[in-house]
Every structure is written in structure tokens, then in C-alpha cells.
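Need the complex rebuilt from these two chains, each delivered in its own frame; the hints are there to steer you.
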Amino acid sequence: MSALISARGIAIRFGGVVAADGVSLDVFAGDHLAIIGPNGAGKTTFLNICTGYLKPQGGTVQFKGRDILGSSPRAITRLGIARAFQIPQLFLEQSVRENMLIAAASQARRFAPFARLADIPERGDVEHLLALVDCADVADRKAGELPEGKRKLVDIALALALKPEVLLMDEPTSGVASSEKFTIMDTLVAALRERAVTAVFVEHDMEMVSRYANRVAVWSAGTISRQGPPAEVLNDPEVVRTVIGG
Amino acid sequence: MSHIIILAVLDGVAYGSLVFLVAVGLTLVFGVMRILNVAHGSFYALGAYAAASLGLGLSALGLSPWLSYPLFVVAAAAVGVVVGGALERFLLQRIYRHEEALQLLVTFAVFMILDNAQRLIWGVQPYFYSEPLRLLGNVAVAGITYTAYQVVFLPLVAIAVLLALRLFLRRTLAGAVIVAVTEDREAATAIGINASRVFLLTFVIGTTLASLGGALAAPTTSILPGMGADMIVLSFAVAATAGLGQIEGAAVAALAIGLGRSFAVFFAPELEVLMPYLIMVLVLLVRPEGLFGKATARKI
Numbered sequence: 001m002s003a004l005i006s007a008r009g010i011a012i013r014f015g016g017v018v019a020a021d022g023v024s025l026d027v028f029a030g031d032h033l034a035i036i037g038p039n040g041a042g043k044t045t046f047l048n049i050c051t052g053y054l055k056p057q058g059g060t061v062q063f064k065g066r067d068i069l070g071s072s073p074r075a076i077t078r079l080g081i082a083r084a085f086q087i088p089q090l091f092l093e094q095s096v097r098e099n100m101l102i103a104a105a106s107q108a109r110r111f112a113p114f115a116r117l118a119d120i121p122e123r124g125d126v127e128h129l130l131a132l133v134d135c136a137d138v139a140d141r142k143a144g145e146l147p148e149g150k151r152k153l154v155d156i157a158l159a160l161a162l163k164p165e166v167l168l169m170d171e172p173t174s175g176v177a178s179s180e181k182f183t184i185m186d187t188l189v190a191a192l193r194e195r196a197v198t199a200v201f202v203e204h205d206m207e208m209v210s211r212y213a214n215r216v217a218v219w220s221a222g223t224i225s226r227q228g229p230p231a232e233v234l235n236d237p238e239v240v241r242t243v244i245g246g
Numbered sequence: 001m002s003h004i005i006i007l008a009v010l011d012g013v014a015y016g017s018l019v020f021l022v023a024v025g026l027t028l029v030f031g032v033m034r035i036l037n038v039a040h041g042s043f044y045a046l047g048a049y050a051a052a053s054l055g056l057g058l059s060a061l062g063l064s065p066w067l068s069y070p071l072f073v074v075a076a077a078a079v080g081v082v083v084g085g086a087l088e089r090f091l092l093q094r095i096y097r098h099e100e101a102l103q104l105l106v107t108f109a110v111f112m113i114l115d116n117a118q119r120l121i122w123g124v125q126p127y128f129y130s131e132p133l134r135l136l137g138n139v140a141v142a143g144i145t146y147t148a149y150q151v152v153f154l155p156l157v158a159i160a161v162l163l164a165l166r167l168f169l170r171r172t173l174a175g176a177v178i179v180a181v182t183e184d185r186e187a188a189t190a191i192g193i194n195a196s197r198v199f200l201l202t203f204v205i206g207t208t209l210a211s212l213g214g215a216l217a218a219p220t221t222s223i224l225p226g227m228g229a230d231m232i233v234l235s236f237a238v239a240a241t242a243g244l245g246q247i248e249g250a251a252v253a254a255l256a257i258g259l260g261r262s263f264a265v266f267f268a269p270e271l272e273v274l275m276p277y278l279i280m281v282l283v284l285l286v287r288p289e290g291l292f293g294k295a296t297a298r299k300i
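First to last, the sequence lines map onto chains A and B. Sequential numbering from 1 applies to the first sequence in UniProt numbering. Sequential numbering from 1 applies to the second sequence in UniProt numbering.
Certain hints may be false.
Some but not every residue of chain A turned toward chain B, in silico, with C-beta under 10 Å [to be verified]:
#, residue
1, Ile68
2, Ser71
3, Ala105
4, Arg109
5, Arg110
Here are some, though not all, of the chain A residues that point toward chain B, as calculated from beta-carbon distances under 8 Å [unchecked claim]:
#, residue
6, Arg74
7, Arg78
8, Leu79
9, Phe91
10, Leu92
11, Glu98
12, Ala103
13, Ser106
14, Gln107
15, Ala112
16, Phe114
17, Arg116
18, Ile120
19, Leu158
20, Glu165
Just a sample of chain B residues kept apart from chain A, beta carbon distances all over 10 Å, derived [claimed, not checked]:
#, residue
21, Ser2
22, Ile6
23, Leu63
24, Ala77
25, Leu104
26, Leu156
27, Ala176
28, Val179
29, Ala188
30, Thr220
31, Glu248
For the record, the hints were derived by calculation from the structure and aren't laboratory data. This one's a predicted model, so the numbers in the text were calculated from it and none came from an experiment. Every residue, glycine too, gets a C-beta built ideally from N, C-alpha and C.
Only chain B is shown next, with the shape it has when bound in the complex (with noise of 0.2 Å):
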């Protein structure tokens, strides 16, 4: 039963490293341009398939596999700064005036065509790409084995991540003026703010944030066409969880909703899919503005 519990947060620690990746991206890119991005789903496969083509390409060179820990971060902000930036800048800049049932429909769109794109390119066959879990080898946690790769280098690189955009977020100049941004835009636009390229800012950052996620899920799992669907619906459940651009709260929704999916699969294994919306809707239900969020009066 212990064993059961242990595997259980392992698991739950791993994919909710992940997720969080996934999930603080989306929720940066909500909270300060209040779209809501179905494509973003699209950069965690890119950035899986980006990862794997390239660690493929590694091996194929005979070149050392280490090399492939920098590539992620290589193919991630690849991934990100050319189709996320090509994306804000060629289509959604066009629709932000636009309603919400539009903006949904066209970034839907994004996601079936970057589906598409993704068999065209990389077929219908699944890609393996486990180098890298192999190179870290395992750790045994109170008995259990596990590769160190998903339980210790994953957390760590989440961990590493809501640091830098903590960081980022309240020490720099272009994270100051995000955060403004988020909070009220016309008061930023009507200081001089250059809305438009925060915006083409924030979203490179949501996307490549995304990408990294998919890069790293790349060893641990088969990469297949329209993988990121799953990974889309639930981001946007972390997201509201955590309410709206809250990376903090993206952290303690993404652990929690892995650690809750973990825990259904052993013990309630029919609750699975259900368990992210449980905790969601729960989380909403108490705290109407998501577990970091703050209820806020709109200003006139």
C-alpha cells in the first residue's frame, strides 16, 4: 500500500513538472493578452517533435548524447520564437478586437492545421527518443525505482523556471511592464506602453514555454500526432485553478492536479480523466477568482 502511495507522488511530481511548463505559459499569455490559446497545445507537440528530431539527428552525427539537455532548450525557443512569434504576429494580431467565439474559433483553427502539419512532417508513426532518461540513470526513492530523470532533473527544471520568471517578472523592466499590463492595459497603453509588443513578447515566452515542456516530455513518452491535445485541456484547467496569470498558483495547481491523477489511476482508475476538472471545479467553487487570483473590480 506505502509502495502504492509512493509511486503515486513520483508520478504525480513527474507529469506535474511538466504540466506546470505547459500550464504557466498559458496562463502568462491569458492573463496579459486575455486569450485563450487552443493552439498552445500545438507548441508542447512541436517541441516534443522538435526535441526528438533533433536528439535523433544527435545520435545519427555520432555526437556525444549529453548534447541533447542544451537542444532542448535550443528546439524549445526555436519552437516558440519562430511559429509562436509568426503566429501573434501574422494572425492573432489581427483578432484581439475581435470576440472571444472568434478568437476560440481561429486559434482552434491554428491547432488542427499544426496538427496536420505535424503528421505531414513527421508521419503518423509514433518517435522514441529515451536517450536522455537513460543517461541519468535511476534513483530508488523508499524502495521505489525510478528514473532520476522524471523525479529530480524535471522537478528541477520547473522549479528552475517559476524562479527565472519570478525573477523576471519582478525585477526586470520588461516583466514590470507585463505585470502592468496584466493588470490594467488601457491604463498601461494610456502611459505610452507599446502594448502590441508585449504582446508579441508574452507570447513568445507562453510558447517557448510550452515547447520546453513538450521537449523534455519527449524521453518520456511516445511522440504521436496530436499529442498536445490532452496537454491543452489540461493547462487550461491548471490555469483557471491557479487564476489568471498567477505562475505561483500555476506551480500548486499543476502539482496538484498531477498528484490528484496520479492517485486516481491507483486507486480510482475510472476517475482519471475526470480528476483535473474535480479538483478545478472544487478549487472554483470556494475561490471563484482561482486559488491565487484576486477578485478585482473593473474600473471605469
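With the rest of the complex left out, here is chain A (with noise of 0.2 Å):
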């Protein structure tokens, strides 16, 4: 099976923090990897890396066997790799349904401007994801003021508006209350599998990482110590020791 994002000996120091030192991680299609670490440890620098926002100071990284290091984040979400941020990143002034609109036109590369919002042909399918992350109920709400589960979900379904094959994801529930968690998982590991999309998530909560990941990727002292299924990683002693603490 060839990876999906492929990404070797990645280098990356800022002054004298060593965030990667000779990285190596695969994305397998279908996977549901989960990469968990200490804080600080480089975990969001590796997406930041994938989605173009930061050039490694060595190392490659390859999506479907193309060079990506070096292209703008825009041309990478072009190619099929979407992102999600640890605080959504939305519109807040306008509804999210504009959000969404906004997004799958931009995926459509639509360009007209003098459209109605409302008729462009992406509206069915803006929709149709509204409602596959339960957010039917608030389209006409500016993004503004959702509550924070909402944002998260709004986020992820206007990172889907992309039609990525990989969504990157920082943290999908930091910032949400402990009781809507598995609910808000549920939904979005739910959208993933509908749209076939392979997804990668920073995460620091293990009960997530065991319920929601198939791999996990532990990311230490600027490498990659450890990969394989949850219930192997996550009972390794030294996994336990440096990461989860206990």
C-alpha cells in the first residue's frame, strides 16, 4: 500500500528548539491517524509543515508521490489536503452558510461575480454537509456566534466543502465541553467515512485517541518513537511513561 502523504527525515529547529529531527511519517488512505506527544513536542508543526505554512529546514514530504514542500497553502489545498485549526478558523461576520458557500465555491473555482450566493450550484451540496455534522439548525446563524461544538463541527464541514482526500485536524475537540466530546466525534468520524476521507489528528485526550484513531503515531523529542494500533501504543510502559503520564 503506497502512502498518501509521505513525509521523510523532516528537520525543523526554531532557535534552539529541536521540533522534528529526522521525522519520518506515512498517511495511509483510510487511515485515522492520530499523532500524540508531549506538549511542545512538534505535533501541530508537522500539519503547519503538510498544509505549507512552514518549510522544514530539511526532509521532504510528499503527497501521493509528488514533491508539496515549497507550495503555497493554497495550491495544497488545492491538491487535496485540508486543515483544520485548533481555533476554527470561520468567518465570523457571516452566516454559516456563507462560510460553507464561500468554501465550496472556492473548491469549484467559481467565478462570477455577480451571482446570487444563494444560487450558486454548490448549494446543494453545502447542504447536504450541513447536515451530515448535525448543523442544518444554525446555517442561517452568523459563525460567530455558535456555541463552541458547533464551531468545531462548522469547521470540520467547511473543511469537507474542499473535497479533500486528507483533513488534518488539530485537536478537533480542545475547547468543548467534556460531556459533547463523543458526541461530536461520532458525528465527524461519521462525515469522514461518508466522504472517504483520510484524516490525521493531533490529540492530547487518550480515551479520543483509543476510541477514534486505527494508528497512532507518538511524536517525542523530535522524532517519531513509536507507531502502530492504539491498544499496542498505548500500553507500551515507555508510551505511558513520557506521554500520557501515570
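Pasting the structure below:
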């Protein structure tokens, strides 16, 4: 099986802090890969590199065999890697539906300056996506007025409107009440399955990892110290000691 | 006394309408592109010259002077699209990533060049083209006679532009994208929006509005090289008072500054030049984000 995203020998340091020192990691089609590790280990840095926001000092990243280091975030989005942020990046002054329509029309490369927003052909897909992430009820509300949980889901829907093959997520449920977490993740994972989207998520919550990941990679001290199925990795005494704490 | 007040209100409304057209273009451009275009006032002057030249050509050809109204729009669009579009594509695009000081210098240089271009093309003698002003006749407001062009036509155009802009920004795809880029350019780029295309469109709309302001001002004033300088300073005051990219705010601020200025003319002439800035400073002291602006924390 060939990897969708294939990172080789990634090295990046910020001043004296080494975030990655020869990291190699593959993301396979259909993966729900969780990246775990101590705070500040460089997990988010990896997402930033794969989406073109950061350029490492060494190494290569390929997406479906094509080198993507040095490409702009916009070009990488076009290739099929989307990103959801720890703090959702929505246009807060606009309604949820407007947010989605803007993203969907942009994905379709639609340029019709005077087309009515309500009439663009992507409308149907947008309504479907909103229903999929259980946000049809808030479609007309301003994104800035949504409760955190809904905002996370809209952010995911927005990323899915870009029709990605891979979705990179930074702590998809951070900032959400623990009572809501599983509902949100269930919705999210169902949406990813329906759209056959491969997912990578940075996560601190081990319960989330064991429940929703099919593979785990441990990012520690600038390297991938361990990877494999959650049942194995999360019970590794070394991982328990360095990452999970306990 | 009451006569003077009514006169001041009429003056203020007429002037505020023109200031609004120019300032709303500036605030749109600044909101989306975060570039302070000092040359924005030149488009006001170019619009006025283009309108006057076309209007005088109309008379020379013996065509109906009523055609001058649609010609205003043609003149404005021609200046906005051709000169504005070329300026954005060939010059501004190269300096977006540079610091503000350089952007100010470059657009100031463009202002100087366009200013001299006006002298070169139209000479230094003032142009007069008041035909459209006379066509609409006069109206009497509470015993004061004023030209209908200035107190009826100009405000109606300003209101129509405000409503059209609102519809465009709220209901159309391109408008929604412009609003999105105004709020968060990085996030907009991240979802694949072509910011450079949005910039061109916004800049052309902005310069067309400034040219329209100039074209409509043409019948009410003597057209001179450098007439854009006053307007740019006033537009900055309006844009700052209104809040970034706020079109409704620009309307309110333009009216307030238009009225403030005309009341100063009648009651405290020595304050006339100072008035727009007094209003601006007062508003910004109370609301640093502008009348209609929203204070936002920068996202990381």
C-alpha cells in the first residue's frame, strides 16, 4: 500500500528548540491517524509543514508521490489536503451557510462576480454537508455566535467542502465540554467515512485516541518514537511514562 | 439664523454625498487590501476631468446634454477599470508584501505622477462644465433656493450606491468573498480563495467609486489639477471615523463630516479645515475601532 502523505527526514528547529530531527511518517489512504506526544513536541508543526505554512530546514514531504514542500497553502489545498484548526478559522461576521458557500464555490473555482450567493450550484452539496455534521439548524446564524462545539463541526464541514482526500485536524475537540466530546467526534468520524476522507489528528485526550484512531504515532523529542495500533502503543510502558503520564 | 442653518445642512448633505462616494471606495480598498492608497484622490480628479471632457465633447457634437448623466458612469468606469486596474496589476501587486512605509511612498509617487499627468493632458487652466447642474433646475427648501442636482440628485446617487454595495456584499458570491477576505485574508487563502483576483476586483470597484465621485463633482466645481488632494485627506478622515471596511459607517461619517464642515463655514470659518479631523479625533477617542468597526483580537 502506498502512502498518501509521505514525510521523510523532516528537520526543523525554532531557535534552539528542535521540533523535528529526522521525522519520517506515512499517512495511508483510509487512515485515522492520531499524533500524540508531550506538549510542545512539534505535533502541530507537522500539520503546518504538510499544509505549506512552514518550511522545514531539511527533509521531503510528498503527497501522492508529488513533492509539496515549498508549495503555498492554497496550492496544497487545491491538491487535496485540507486543514481544520485548533481555533476554528471561520468568517465570524458571515452566516454558517455563507461560510460554506464561499468555501465550496472556491473549491469549484467558480468566478461569477454577480451570481447570487443563494443560487450557486454548490448549494445542494453545502446543505448536505451541514446536515451531515448536524449543523443544518444553525445554517443561518453568524459563525461568530455559535457555541464552541458547533463551531468545531462547522469548521470540519468547511474543510470537507474543499473536497479533500486528507483532512488534518488540530485537537478537534479541544475547548469543548467533555459531555459533548464524543457526540462531536462520532458525528465527525461518520462524516469522514461518508466522504471517504483520510484523517490525521493531533490529540491529547487518550480516550479519544483509543476510541477513534486506527493508528497512533508518538511524537517525542523530535522523532517518531513509536507507531502502531492504539491498543499496542497506548499500553507501551515507555509511552505511558513519557506521554500519557501515570 | 434659521436660514443659515438650513443652508448649512443643504451644503453639508451635497458635499457629504460626494465625500461618501470617494471615501467608501477608499474604505473598501483599505478593508480588503490593507493598503492605504494615497493616489485614491487622483481618481477623483481623473473622474472629474474625464466627465468634463466627455461632456464638453457632447456639446461640441451637438448631442443632448441629458446624455451627460450616463456619461458620468462611463467616465468613472473607464478611469476605474483602465487606470485603477493597471495600477493594481502592474504596481501595487509588487508591493503588498512590503512594509507600509514603502506602500505609502509608492502610492504617493503615483499621486504625484497622476497629478502631473493631469497638467500635461488638460493644462493648468480650470475647466468648467456645469450643464448637468442647470438641466435639473432649482428646488426651494424652506425658502432657500438650491440646485436640485446638489441636494436631490447627488444624495440619491449616494444612497443608491450604498444600497447597491450592500446588496453586492451581502447577496453575491464575489461580495461574500470580499467580506471574507476583509475579515481574515489568511483563512480565505487557506480555503483556496484567489486573493489576488479579489484584490483586483476590489481595487477597480474602489477607484471606480472615487472616479464617480469626481465625475459627479465636475458640474459643481472648477476642475483643477491637484483637486484630488483635498478629497484624499477628507476620505482618510471618513474611512478612519467609519471603521475598517464599513460602508454604512462611511455613509454616516461622510454625512457628519460634510455637515460639520459646512456648519463650520457659516459659524466658525477658522475651523473649516480643522473640522473633519476634530470629528475624527472625537470619534476615535470614544471608539478607537471607528463608528461601525468591531474590535477584534488577532488570531494566531
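Legend entry - Agreement of hint alanine 105(A) with chain B interface, Cβ distance less than 10 Å: 6 Å, holds
Inset, instruction - Mind verifying the non-interface call on alanine 77(B)? Its CB should be farther than 10 Å from each CB in chain A. - result: 14 Å, holds
Inset, instruction - Decide, holds or violated, for the assertion that all CB atoms of chain A are farther than 10 Å from the CB of glutamate 248(B). - result: About 13 Å separates glutamate 248(B) from the closest Cβ of chain A, which puts it past 10 Å; holds.
Legend entry - Nearest-CB test (10 Å) between chain A and leucine 156(B): 23 Å, holds
Legend entry - Interface restraint verdict for glutamate 165(A) against chain B (beta-carbon cut-off 8 Å): 14 Å, violated
Inset, instruction - Using Cβ atoms only, decide whether glutamate 98(A) comes closer than 8 Å to chain B, and label the hint accordingly. - result: Result: holds, 5 Å to nearest chain B Cβ.
Legend entry - Satisfaction of the isoleucine 68(A) interface hint, Cβ to chain B closer than 10 Å: This hint is violated: isoleucine 68(A) lies away from chain B, its Cβ roughly 15 Å from the closest one there, beyond 10 Å.
Legend entry - Hint check: 8 Å Cβ-Cβ cutoff, alanine 103(A) to chain B: 5 Å, holds
Legend entry - leucine 79(A) as chain B interface residue, shortest Cβ-Cβ below 8 Å: Check failed: Cβ of leucine 79(A) comes no nearer than 10 Å to chain B, outside 8 Å.
Inset, instruction - Would you check whether arginine 116(A) satisfies its interface hint, that is, whether its CB is within less than 8 Å of any CB in chain B? - result: 6 Å, holds
Inset, instruction - Verify the interface restraint on isoleucine 120(A): the C-beta must sit less than 8 Å from at least one C-beta of chain B. - result: Interface hint status for isoleucine 120(A): holds (6 Å vs cutoff 8 Å).
Legend entry - Assertion that isoleucine 6(B) lies outside the chain A interface [Cβ separation over 10 Å]: Check passes; 39 Å lies beyond 10 Å.
In this structure, the earlier hints numbered 1, 2, 8, 20, 27, 28 and 29 are contradicted, and the remaining ones agree with it.
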